[in-house]
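Protein chains: 2
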Amino acid sequence: MKIVQCVPNISEGTDLKKIDRIVAPLKNQKGFKLVNIEADSDYNRTVITIIGDPDEMINPLLKFIENAKLEIDMNYHQGEHPRMGAVDVIPFIPIKDVSMEECINYANLLAEKVASELTIPVYLYAEAAKTSKRRNLPTIRRGEFEGMKEKITLKEWEPDYGEAKIHPSFGVVAIGARLPLIAYNIDLGTDDEKIANNVARAIRKSSGGFAFVQAGPVFLEERGHVQVTMNILDFKKNPLYRVLETVRMELKRYQVAVLGSEVIGLIPKEALLRSLRYYLLKDNEEYNKEISFLEITNLAKKYLQLRDFDSNKIIEANLGD
Amino acid sequence: MKIVQCVPNISEGTDLKKIDRIVAPLKNQKGFKLVNIEADSDYNRTVITIIGDPDEMINPLLKFIENAKLEIDMNYHQGEHPRMGAVDVIPFIPIKDVSMEECINYANLLAEKVASELTIPVYLYAEAAKTSKRRNLPTIRRGEFEGMKEKITLKEWEPDYGEAKIHPSFGVVAIGARLPLIAYNIDLGTDDEKIANNVARAIRKSSGGFAFVQAGPVFLEERGHVQVTMNILDFKKNPLYRVLETVRMELKRYQVAVLGSEVIGLIPKEALLRSLRYYLLKDNEEYNKEISFLEITNLAKKYLQLRDFDSNKIIEANLGD
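If you read the sequences in order, they're chains A and B.
So in my numbering, the last one in the first sequence is 321, and the numbering has no gaps at all.
So in my numbering, the last one in the second sequence is 321, and the numbering has no gaps at all.
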């Protein structure tokens with residue numbers, strides 16, 4: 001049985017009732033499970049995770065996008081996270097018995113319906129991108145909702161589906177396929193965004209850091225501290241512990257500590273095990289990879305200082321049965 | 001006045017008298033100084049550094065290469081460092097009042113003479129490379145002395161100067177121009193090469209690590225421990241302290257410590273200051289960039305655990321007066 005993870009991000013992170021109405025079509029469906037809804041008010045963005053049979057997802061996703069179109073007017077949206085649409089991005093991620101090629105097909109299938117049935121222009125990104133320039137989501141999104149009005153009219157930014165004209169209240173959406181990535185954020189014990197920026201520059205690929213880390217600084221007003229917000233594109237080559245320990249090391253020059261860290265959406269079990277192994281070996285503790293999801297969760301909270309984390313955020317804990 | 005640094009590497013690191021005879025033409029010359037001779041018996045390789053007026057360097061360098069041709073027979077050479085010639089590589093590095101373009105011209109000037117007067121084939125590498133494939137020295141050198149006999153006869157590996165036939169005892173030489181790099185090695189308190197290999201993979205670009213770090217493992221038989229041997233191609237983006245601290249962090253899982261570290265050849269003052277600043281700020285000590293070469297040296301020994309280091313290894317300590 002094919003298992004795909006799909007992680008739409010919507011540009012609403014504050015009004016929980018509104019989020020609930022938008023997400024309703026993804027609830028209690030046959031063939032896939034809604035496993036996580038993560039609203040962030042500083043980002044004013046919500047990350048939704050569904051897992052299951054991709055064939056069953058397409059129509060509910062279409063209804064969900066339609067709801068977002070009804071509920072969200074991007075002309076009034078403000079938040080710390082860059083965004084270009086009411087539903088900003090929808091990746092399909094192969095988990096089990098499904099190829100990347102198939103996920104690219106699902107992305108195209110959904111994109112075609114979104115453009116033709118909802119009159120929302122779509123960019124295909126990541127593995128589904130038609131040109132190398134469109135592989136990188138931040139490149140597509142540069143200019144954000146406000147700039148897309150103009151950008152979409154340029155020949156080189158013609159959308160992959162739909163007309164070259166943003167939807168006036170929804171904007172545009174990126175739909176794609178990619179390997180699992182880890183959205184990982186580290187909280188710093190300071191409100192100085194310059195420090196978060198320096199640390200982000202030390203670790204991210206684009207300024208000479210780790211090859212599979214994208215990172216940037218953000219000030220979390222509600223929490224009163226800054227954060228290094230990241231995507232880790234290959235957790236085997238750039239494991240979480242290495243990123244976290246490098247951040248801890250860089251912070252020492254500022255006499256600043258890590259307050260905690262968080263995973264947005266889900267994380268593969270293997271990504272946690274790789275990091276727990278480092279810490280257990282370092283502490284001369286026994287490492288046994290046959291540990292339960294609960295033990296993994298407790299160790300991850302201890303060593304990675306994970307907050308707002310429970311076993312349901314581990315992908316594999318949502319499979320089977 | 002133009003100042004260039006030139007750092008020929010020869011494939012002899014054991015016989016000090018022989019090295020002395022080879023290097024003699026570079027000693028006591030007008031216009032440039034021989035500032036460092038660094039022989040390594042495990043590598044069986046010596047790194048020689050001269051600094052000064054590049055116009056004055058060409059003829060003495062030619063005589064030096066001729067001496068190496070007389071003294072070294074590569075058919076009998078063994079050592080831990082990959083190599084393809086009796087003189088293996090000669091980079092010209094712009095230091096002051098001289099452009100990269102000019103350094104490329106000096107590389108070509110020397111290469112032409114080496115091929116025509118000494119019948120040694122030459123590959124131009126790094127900034128002097130004529131094709132992108134030849135920018136990377138390890139790519140040119142793959143196969144080493146033993147493999148070059150065959151490799152040089154392939155159309156794509158035709159040398160830039162000289163005939164497509166290695167010199168039977170000298171081999172071939174790479175001559176080029178590049179920005180200053182730092183040859184930096186970290187000694188690990190273990191003889192397990194697998195550990196050095198894992199650590200090298202964690203930090204080097206080619207396996208997902210820092211963008212300007214090349215790294216590999218080596219076992220130093222004479223010293224009885226392994227080493228992570230590195231080139232740091234951009235010390236501003238990948239400062240020494242970050243590399244060293246990441247290595248220290250990775251080693252914790254093996255319960256192994258760093259024994260020390262070493263800089264091969266010379267290092268720009270700025271590269272040390274950037275790292276000292278990190279450690280001083282971390283330790284809540286005052287940082288004053290107007291410190292003497294001696295103070296820099298002492299602090300670098302303390303914080304970077306540098307061995308075999310003195311002020312003369314700082315490039316700027318060899319300029320002026």
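Keep in mind that the hints are not guaranteed to be accurate.
Unchecked claim - Derived BS3-like pairs (lysine-lysine); straight-line CA-CA distance at most 30 Å:
| hint | chain 1 | residue 1 | chain 2 | residue 2 |
| --- | --- | --- | --- | --- |
| 1 | A | K289 | B | K237 |
| 2 | B | K27 | A | K194 |
| 3 | B | K17 | A | K205 |
| 4 | A | K18 | A | K133 |
| 5 | A | K205 | B | K282 |
| 6 | A | K252 | B | K130 |
| 7 | A | K237 | B | K282 |
| 8 | A | K252 | B | K301 |
| 9 | A | K205 | B | K269 |
| 10 | A | K237 | B | K155 |
| 11 | A | K194 | B | K130 |
| 12 | B | K282 | A | K302 |
| 13 | B | K302 | A | K133 |
| 14 | B | K194 | A | K194 |
| 15 | B | K269 | A | K282 |
| 16 | B | K236 | A | K205 |
| 17 | A | K194 | B | K289 |
| 18 | B | K301 | A | K236 |
| 19 | A | K282 | B | K130 |
| 20 | A | K130 | A | K194 |
| 21 | B | K289 | A | K151 |
| 22 | B | K194 | A | K269 |
| 23 | A | K27 | B | K205 |
| 24 | B | K151 | A | K205 |
| 25 | A | K282 | B | K237 |
| 26 | B | K27 | A | K205 |
| 27 | A | K30 | A | K96 |
| 28 | B | K205 | A | K289 |
Unchecked claim - Partner residues are not named here, just some residues of chain B that face chain A (Cβ under 10 Å, in silico):
| hint | residue |
| --- | --- |
| 29 | A24 |
| 30 | N28 |
| 31 | Q29 |
| 32 | F210 |
| 33 | D283 |
Read the hints as simulated data drawn from the structure, not as lab findings.
Note that the Cβ used here is the ideal one computed from N, Cα and C, for glycine as well.
Among the hints numbered above, which are violated by the structure, and what are their numbers in rising order? Hints 1, 2, 3, 4, 6, 10, 11, 13, 14, 15, 18, 19, 20, 21, 23, 24, 26, 29, 30 and 31 are the ones this structure does not satisfy, whereas the remaining hints hold.
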